[in-house]
Amino acid sequence: MPLVSTSLRWRDHLGTIGARSGSYRSNYKVIPGLYGVGRPGPESPVLVTANYKLSFDALRRELPGIDAWILVVDTRGINVWCAAGKKSFSTDEVAYQVKSTRLAEIVRHRELILPQLAAVGVAAGRLRKACGFNGTFGPIRAADIPAYLHRDRQADEAMRTVTFRAGERAVLIPVEICLLWKPFLAATVILVLISGIGPEVYSLNAAWTRGIRGITASLLAVLAGAVLTPLLLPWIPGRQFWLKGALVGGLTAMTAMAALLPTTWAANLPATIALVLWIACVASYLAMNYTGSTPYTSLSGVGLEMRRGLAFQLGGTTLALGLWIWSAFA
Amino acid sequence: MKDFRYIDGAAILRLDRETCIGCGNCVTVCPHRIFELQEHKAIIVDPDGCMECGACATNCPVAAIYVNPDDGCGCAALIINRWLSRITGKTVSGCNC
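Sequences listed follow chains A and B, in order.
So in this note's numbering, spot 163 of the first sequence is number 163, and the numbers just go up one at a time.
So in this note's numbering, spot 85 of the second sequence is number 85, and the numbers just go up one at a time.
It is worth saying that the hints were derived from the structure and are not from the lab.
Backbone N, C-alpha and C fix where the C-beta goes; we use that ideal spot for every residue, glycine too.
Watch out, some of these pointers could steer you wrong.
What the hints assert, rightly or not - Using 25 Å as the maximum straight-line C-alpha spacing, the simulated SDA-like pairs for lysine to any residue come out as follows:
1. B:Lys2 with A:Arg239
2. A:Lys86 with B:Ile12
3. B:Lys2 with A:Arg165
4. A:Lys182 with B:Lys90
5. B:Lys41 with A:Arg153
6. A:Lys86 with B:Trp83
7. B:Lys41 with A:Thr161
8. A:Lys86 with A:Ile31
9. A:Lys129 with B:Cys20
Stated by the list, open to error - Label pairs and their computed distance ranges (CB to CB):
10. A:Leu260 with B:Leu37: 56 to 64 Å
11. B:Ile87 with A:Arg108: 55 to 63 Å
12. A:Ser7 with B:Asp3: 29 to 37 Å
13. A:Leu3 with B:Leu84: 45 to 53 Å
Claimed, not checked - Residues of chain B clear of chain A, computed beta-carbon distances all greater than 12 Å:
14. Asp16
15. Glu18
16. Cys20
17. Lys41
Bound-form chain A, shown alone:
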């Protein structure tokens, strides 16, 4: 049985950075099966987790001084909650790993401690029939497992409640940004191309100078929608994300205008409005997309707000591009 360390090495930390930045997030896996931490024996608890390496690392690093088994089920390298949502972290998959690792011959007890968030896909009550083991839902966060084990498998309300603190919101930012490079590149090409349209039919000089402003605006939009909105989430008024993003985008745009173009922003009002609108629309979309990362937005609610959000974003972007071209003639 492979024994694993409860401390992460520099390679693990490097891997975390790679996964968090999106470079190989969808292929960061642990081989499914049974692992041990400490000196596990036949009476040691069995903790079940997903085979996404970030999940596996998050669990094992919380177990110093604890003798336990870790049963890694095959979730195709997806984290516990999302895998349970997609039903790859399922009752059948847990039962399959219990049988294929011959867990019944390794431990004397018949209890599996499952992460609470796996409950979306795992019906604990059906496990006994499927593999002979009883499923118990442990705490949501791996950090609470030592306390949970010491308190004789009692999880309090705090351990059972999902949170979304500043740090938890912040770690999701890099991947949102890194996955943006393709649409960002496409937007840049379009912005530079249309920036050259003007009274002289087409001006490479204008494409360059006005294009730079467009790209700066796009960067500000990413800052507003994918960085500031997640960080400031609880303090931004409103509940719908497209509105929160539009608000933060608009304010960011106007602040930047005042700072970067303090004397000239009023000279060409259509251009200024076009840039502010562009930033607000893109930030609105990025904020709306962040609903996929939050632990409290229902799919029904997201569908509802997207109808309004997309109308605003599509209408606003069209208007912004139109004003941008028109402003070259103004």
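Following the hints, position chain B against chain A.
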């Protein structure tokens, strides 16, 4: 979730109290703590706190809970792809989250 609230009245969640046997599984698994046991039966105390994760329904032994069955995460990109696929008739591959 007490410090983060989403759109009221949006989540689709129904509990059939007639069928409920009061096992308390839903109370245990809900990550937003919206269920309570009262008089040996579950009740929904905070319907607007529901995010439709479906853990309660999966773990209800008598199928007394109905949650919006559309699965998947709620990211906008995936939902747009799904709407587009309804028009084009192509199947969508899920996102990687």
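- Query: Are there hints from earlier that the structure breaks, and if so, what are their numbers?
  - Reply: none
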